[in-house]
Each structure stands twice: as structure tokens, then as C-alpha cells.
Amino acid sequence: MTNLFIDASKRIFMGNLNFKIKPILTAGVFFSRRVLLALMAISFALACWGGYQSWVAVDRNRQMAMLQHELEHDRSEIQRLHDALDIEQQKVALLASRLGLVQARLARLDVLGQQLVESARLDEREFDFGRLPSIGGPKPVTFSHSYSQDYLTGMLDQVEGKVEVLDADLSVLDFLLTQKQTKEQARPHLWPTQGGWISSRFGLRADPFTGLPAPHKGVDIANAAGAPVLAAARGVVVFAGKMTDFGYMVDVDHGYGFVTRYGHLSELNVHPGDILEEGAVLGKIGTSGRSTGPHLHFEVHRYGQAVDPAPFLSSRG
Numbered sequence: 036m037t038n039l040f041i042d043a044s045k046r047i048f049m050g051n052l053n054f055k056i057k058p059i060l061t062a063g064v065f066f067s068r069r070v071l072l073a074l075m076a077i078s079f080a081l082a083c084w085g086g087y088q089s090w091v092a093v094d095r096n097r098q099m100a101m102l103q104h105e106l107e108h109d110r111s112e113i114q115r116l117h118d119a120l121d122i123e124q125q126k127v128a129l130l131a132s133r134l135g136l137v138q139a140r141l142a143r144l145d146v147l148g149q150q151l152v153e154s155a156r157l158d159e160r161e162f163d164f165g166r167l168p169s170i171g172g173p174k175p176v177t178f179s180h181s182y183s184q185d186y187l188t189g190m191l192d193q194v195e196g197k198v199e200v201l202d203a204d205l206s207v208l209d210f211l212l213t214q215k216q217t218k219e220q221a222r223p224h225l226w227p228t229q230g231g232w233i234s235s236r237f238g239l240r241a242d243p244f245t246g247l248p249a250p251h252k253g254v255d256i257a258n259a260a261g262a263p264v265l266a267a268a269r270g271v272v273v274f275a276g277k278m279t280d281f282g283y284m285v286d287v288d289h290g291y292g293f294v295t296r297y298g299h300l301s302e303l304n305v306h307p308g309d310i311l312e313e314g315a316v317l318g319k320i321g322t323s324g325r326s327t328g329p330h331l332h333f334e335v336h337r338y339g340q341a342v343d344p345a346p347f348l349s350s351r352g
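The number in this note's numbering is simply the position in the sequence shown, starting from 1, with 35 added.
It is worth saying that the hints were derived from the structure and are not from the lab.
Being a predicted model, the structure only gives us computed values, none of them experimental.
For glycine and all other residues, C-beta sits at the position ideal for the given N, C-alpha and C.
Honestly, I wouldn't trust all of these hints.
Unchecked claim - Straight-line Cα separation of at most 27 Å, DSSO-like style, residue types lysine-lysine; simulated pairs:
hint : residue 1 : residue 2
1    : K252      : K218
2    : K252      : K277
3    : K126      : K197
As the list claims (entries may be wrong) - Distance ranges between label pairs, derived from CB positions:
hint : residue 1 : residue 2 : range
4    : R110      : A73       : 49 to 57 Å
5    : P346      : T322      : 23 to 31 Å
6    : A249      : G339      : 18 to 26 Å
Construct the entire structure; sequences and hints are all you get.
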């Protein structure tokens with residue numbers, strides 16, 4: 036840049052000098068040496084000033100080009116940041132939407148879980164679906180923007196933790212409820228005939244034929260001949276046939292150690308291996324076997340031992 040300035044100054048100076056001196060010499064006018072030096076000094080000053088102005092113009096153009104380049108770079112950076120901000124805002128919106136859906140599902144699961152606890156009559160303190168999961172840790176940094184991505188991510192972590200606890204609770208509850216319902220279904224509970232009344236109870240009694248004390252392993256339900264005999268609970272027929280003392284008889288295995296026996300029937304409507312729902316008709320009341328009249332001899336066995344049927348029976352059917 037310095038060489039350029041010097042070369043330009045020389046060219047301007049020599050041009051001005053020739054312009055000033057040539058007319059003077061042609062006219063035959065001779066100036067003093069002082070005047071000539073003054074003219075030369077003025078010409079040199081003008082040449083320097085012109086060179087300086089040229090250098091300033093070149094430098095200004097260079098600076099303008101640099102500024103233009105920086106401006107374009109800044110514009111590109113601003114656009115990149117703007118695009119990145121749009122992407123982050125979309126992520127936050129998606130997180131907010133996801134959080135709302137999860138919270139709605141949790142509210143529904145809370146209600147459903149509470150209904151299951153109440154229907155199963157379980158301890159509400161053990162299955163409290165309103166509680167938060169047990170967690171801990173340092174206090175997080177609070178952000179001024181309530182919908183920042185970090186805030187929503189933290190909220191989702193808490194919600195997911197609650198979902199895991201709730202899912203475990205519901206799994207255990209479902210297992211217990213299934214077990215409870217299956218066991219309740221296996222427990223004899225229906226009155227085993229339509230109508231009738233207990234004519235002889237469980238325990239020691241006077242034998243109706245000999246009058247001597249004898250154990251009675253069930254209850255006798257007197258009823259009209261031909262009245263339907265019903266399964267006291269769901270189960271599988273393990274015996275259906277005729278025996279000396281009970282005449283036509285049916286045994287039903289209900290699981291969980293429960294077996295019921297129905298004796299003195301007039302006819303059988305089932306066969307061994309039949310799967311029965313509670314209330315299914317097994318046969319009809321009669322007086323077959325060792326009997327003084329139409330009635331149903333009903334027994335309940337628990338793990339092979341005869342027990343009093345009265346606590347298992349609902350009110351008279």
C-alpha cells in the first residue's frame with residue numbers, strides 16, 4: 036500500500052511540474068530560483084494530497100467489503116439461531132402435549148384403581164393411588180419460564196415414575212383381585228335348591244331309622260319331589276351315579292379344597308367331567324337311597340373333611 040502511494044505521488048508531481056514549467060519556458064520568461072522552488076513545493080504537496088486521497092478511497096472500499104462480509108455472516112448466524120429457536124419451541128410444545136396426555140391417563144388410572152380397591156375391599160392405606168412415588172434429591176434450579184424444556188422434562192420424569200409405581204400397584208391388585216374372585220367363586224354359597232327348608236342339621240342327631248345317636252355330615256333340605264337341585268358354586272362334576280345310602284348322588288369339585296355332595300336325587304342331569312356354573316341344574320329332588328321322604332342331602336367338604344354347610348349357604352332360594 037505504501038509503494039502504491041509513493042508511485043502515485045511521483046506521477047502526479049512530474050505531471051504538474053511539466054504543466055507549470057513548459058508554458059513558462061516557451062514564453063521566454065525566466066523566474067527566479069525561489070519562485071521555481073515554491074512552485075515545485077506546491078506541486079509536490081498537491082501530488083501528495085492526491086495520492087493520500089487515492090489511498091483513503093482504496094482503504095475505504097476495503098473496509099466496506101469487510102463490513103459487508105461481516106454483516107452477511109451475522110445475518111446467517113441470526114437466521115440459524117432463529118431456526119434453532121423454532122425447533123426448540125416445537126420440542127417444548129410436543130413435551131407439553133405429551134405431559135397433558137400422560138396426566139389425563141394418570142387421572143383415569145387413579146379413578147380406576149380406586150374403584151378396584153373398593154370393589155375388592157382391600158386396605159386403602161396399602162393401595163393409595165393418590166400418593167406420589169417415593170423419590171428424593173437436591174432442589175432443582177428454578178427457571179423463570181414455566182414451560183421451559185428442562186421444566187417439562189423434569190415433570191415428565193416425575194410422571195413416568197408415578198406411572199411405574201401405579202402400574203406395579205395395579206398389577207399386584209389385579210393378581211390379588213383375580214385370586215380373590217376365583218376363590219370366592221369356588222366357595223359354595225348358593226342355596227342348592229329352589230325353595231325348601233332345613234329339616235335336619237349338621238352334627239350328632241338321632242338316626243331316623245334306628246333312633247340311635249349318629250353323626251350327620253350334612254344338612255337335609257326338605258322340598259317337593261321334582262324340585263330342581265342347583266350347583267352351590269362353579270365347579271367340575273367328579274361323580275354322578277347311584278350309592279346305597281344316598282341313592283342317586285352328585286359330587287362337584289370347586290377347587291381350593293371345596294367339594295359339595297347332593298344326595299337322594301330322583302334323576303341326574305349331569306355326567307362326570309361336566310363343567311358347571313353356579314346355579315346349574317344337577318338333577319331333581321327325590322327320595323332315593325336311605326330316605327324317609329323327598330329331600331336333598333347336602334354336604335360341604337373342605338380338604339376331605341365334612342364341615343357344617345350352614346355358614347356357606349345364602350338365604351333360602
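How the hints compare with the structure:
1. K252 with K218: 23 Å, holds
2. K252 with K277: Cα-Cα ~18 Å, so holds.
3. K126 with K197: Holds: K126 and K197 sit about 23 Å apart, inside 27 Å.
4. R110 with A73: 49 to 57 Å: Roughly 55 Å apart at Cβ, these two residues keep to the hinted range, so it holds.
5. P346 with T322: 23 to 31 Å: 27 Å, holds
6. A249 with G339: 18 to 26 Å: Holds - the Cβ-Cβ distance for A249 and G339, about 21 Å, lies within 18 to 26 Å.
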